[in-house]
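S.K.: So the chains spell out like this:
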Amino acid sequence: MSKWATIAKHEYLTNIKRKEFLFVTFGIPLFMFATMGISFLFMGIGSHDVGYKIGYIDRTGQFETTNFTKYTNEEMARKDLLDNKLTNYFVIPENYTATGRILIYSSKKNFADNLKIEEQIRTFLLANLLKNEPPEIIQRINKPIIGEYYTLNDKGLTNEDNGITILLVPIVFSLLFTLSIFTSSGFLLQGVVEEKENRIIEVILSSVSHKELLQGKIIGLGALGLTQISMWLVVASSLILINPVILLLVVSQIHISISLLVYAMFYFALGYLIFASIMAGVGAVSTTSREGQQIAGIFSLAGAFPLMFAQFIITSPNDVLARALSIFPLTSPTAMIMRLSLTEVPLYELMISLILLVVSAYFIMELSVRIFRASLLMYGKKPTIQELIKYVRQS
Amino acid sequence: MERSVEVSHLSKSYNGQSVVKDISFDISKGEVFGLIGPNGAGKTTIIRMLLDIIRPDSGEIRILNDTLSGELKNKIGYLPEERGLYKKLTVMETLLYLGALKDMKSKERALMFLDKMGMFPHKDKKISELSKGMQQKIQLIAALIHDPEFIILDEPYSGLDPVNMKLVKDLIIELGNEGKTILISTHMMDQVERMCDRIFMIHKGKGVLYGSVDEIRSRYGKNTVLLEFEGELTNIPGVRKINNSGNYAELILDQGADPREILKILAAMVRVNKFEISMPSLNEIFIEVVEGT
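First to last, the sequence lines map onto chains A and B.
Quick note, the first sequence lines up with residues 0 to 394 if you use numbering that gives the first Met the number 0.
Quick note, the second sequence lines up with residues 0 to 292 if you use numbering that gives the first Met the number 0.
In case anyone wonders, no lab produced these hints; they're calculated from the structure.
Keep in mind that the hints are not guaranteed to be accurate.
As the list claims (entries may be wrong) - Quick list of simulated restraints, FRET-style, between CB atoms:
(1) Asp-65(B) to Pro-345(A): 49 to 57 Å
(2) Tyr-361(A) to Asp-196(B): 44 to 52 Å
(3) Gly-296(A) to Asp-196(B): 47 to 55 Å
(4) Leu-110(B) to Glu-290(A): 34 to 42 Å
Stated by the list, open to error - In the DMTMM-like style, the derived pairs of lysine to aspartate or glutamate whose C-alpha atoms are separated by at most 25 Å in a straight line are:
(5) Lys-86(B) to Glu-196(A)
(6) Lys-125(B) to Glu-193(A)
(7) Lys-16(A) to Glu-128(B)
Claimed, not checked - So the derived list for chain B, only partly shown, Cβ under 8 Å to chain A, looks like this:
(8) Lys-86
(9) Leu-97
(10) Lys-101
(11) Ala-141
Just so it is clear, CB atoms sit at the ideal spot from N, CA and C, and this is done for glycine as well.
Same shape as in the complex, but just chain A:
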């Protein structure tokens, strides 16, 4: 076995047993599902309309309903509201048909309630205004459009997703993607600093070259990241297979194309390579793991940029911001995957983004090896920027 392979194997086997790895691999997705489940649950609870008791005073004499309590005297309605017999009441003024004004009184100030009440009043008003029309018309006026979107291009016709899955897929996907890159490259940083702190790096470097050490670490931990993603895929697909309802839902709603998966693999590998190289360089110049994490934080922040701006990328995936983020090497892996799952990305943009990523991955890796070599054994002393530049030139 070559030496880098020995190192890769060692890194893989020691890190896969780590508690942190198990936590990130199983704990975080579980947490994500749990929070999602809870919010769905609350949405369900919120949609029940029980508890509203609404009264109204009609000054036009045209509106009738069984849903609301009709008052002829506003004083009575006001009294019932104050006595909590009503939650709301509204007044239809005489000039309503001309102005559209409705006066709504509530016992409490609550924005979400207002929206729901207004919805109910709206249905009531429409039903009365259109009482001479056939029921289909009333239904159509209530909901005049149910849109279905298609993309027409030279490859033919494709149906596009709509609804919540179109948002969910890129967000979950890029979140896990970023998480995996950060976990693996974070382990790399930790590993380098640890080996520096406990001095074993000197023994290792007396056996292998700096490059072999770095290659071995990057490949071993990259394999760890791939393992993590595969585990997620396995867990996700077994969850789907167990539950036929979810299976149907997913099959009908999600379209992850093969080409998207291929691109995702490329972007994952390259994105990981860049972050891993950066972390190796950071590890080499920092004296303690805390210091290393502080410096690394700056780069991680850049990597997490697309997630922070996810809503802009999702709502307008072809805007300048989204395009810039999908071309800049530190952000392009996540941003481009988001865009690819949302829209048709022009081939030239994809190529520019990939080429930039490959080129910068190569340069950052070279640079890291040099920094690694130059500053690895300067214990207890962090080199200044000028010193670093000098060392990099020298080696």
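Since the structure of chain A is already known, use the hints to place chain B on it.
M.R.: For chain B alone, kept in the frame of chain A given last:
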């Protein structure tokens, strides 16, 4: 004689500060060679350059008739001064991994050394469960596990108790007898004085002494008296310096002073239990050289 290591005109500076200045020496095959000097003299820097861990600014290094390559690293064993191991791995995992990095299937050798060093019962313990002295021994085994031709030991005795120190010393002698080339780097000069064939002494990055221990000592003359005594030593004419340890002392004589005259004076002053005309210790020579520069 065949040379295992050739170092010529080696220099290295950090941040404009010169750490190693124009150093040249060579080590013959099968020799036990001492690289000695005080802390911070540049010994570890030289060793790191020998191992291609850091690169020299100028100069040339040839080891086992080869410039440094991955192949060559497999033939070198290294015990660094700054000791450290993976805390979470077991003893065997550590040794097998470090052996594998030298392209060696090393299980049997690992077990043999563990047995020899009295560490066999601890082979499945985690490194973090071992005492410091035990960790040191594991690290020494790690340096020898791949049966290297050239062994570099940086401060091999630091942190060892007398029993383990003897164990390590015996091991070094045994390796020397097997014909291994050994470089011992230390600031404890009296430790290597009897063990090394030749030494290279450096001070502030510069080579100050180079040659066989006996040759160096005789070069500095038979002007030392080792004395065991009872009583009170005071100034003695003809004695330049007294290294007094209570009832044992090293007397450095003036140039041309007659030891017999000194003995007469001493006999009148204290009760002499032992009087030995000796060559100066490396320690003494070193201090002399450093003060002279």
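S.K.: Next, verify each hint and record whether it holds.
M.R.: Here is how each hint holds up against the structure:
Separated by about 55 Å at the C-beta atoms, Asp-65(B) and Pro-345(A) satisfy the suggested range of 49 to 57 Å. Between Tyr-361(A) and Asp-196(B) the Cβ separation comes to about 49 Å, which falls inside the hinted range of 44 to 52 Å. Evaluation of the 47 to 55 Å hint for Gly-296(A) and Asp-196(B) yields a pass: the beta carbon distance comes to about 54 Å. Hint check: Leu-110(B) to Glu-290(A), Cβ distance near 40 Å, so the stated range 34 to 42 Å holds.
Only pairs whose Cα atoms come within 25 Å are accepted, and Lys-86(B) paired with Glu-196(A) is accepted, the gap being roughly 11 Å. Proximity of Lys-125(B) to Glu-193(A) is assessed by CA-CA distance (about 17 Å); at most 25 Å being required, the pair is judged to hold. The hinted pair formed by Lys-16(A) and Glu-128(B) meets the criterion: a straight-line CA distance of about 19 Å does not exceed 25 Å. Checking Lys-86(B) against chain A: minimum C-beta separation of about 7 Å stays under 8 Å; hint holds.
Checking Leu-97(B) against chain A by beta carbon gives a least distance of about 6 Å; that is within 8 Å, so the hint holds. At about 5 Å, the closest approach between the beta carbon of Lys-101(B) and any beta carbon in chain A falls short of 8 Å, and the interface hint on this residue holds. Among the interface hints, the one on Ala-141(B) holds; its C-beta lies about 7 Å from the nearest C-beta in chain A, closer than the 8 Å criterion.
Hint violations for this structure: none, all hints satisfied.
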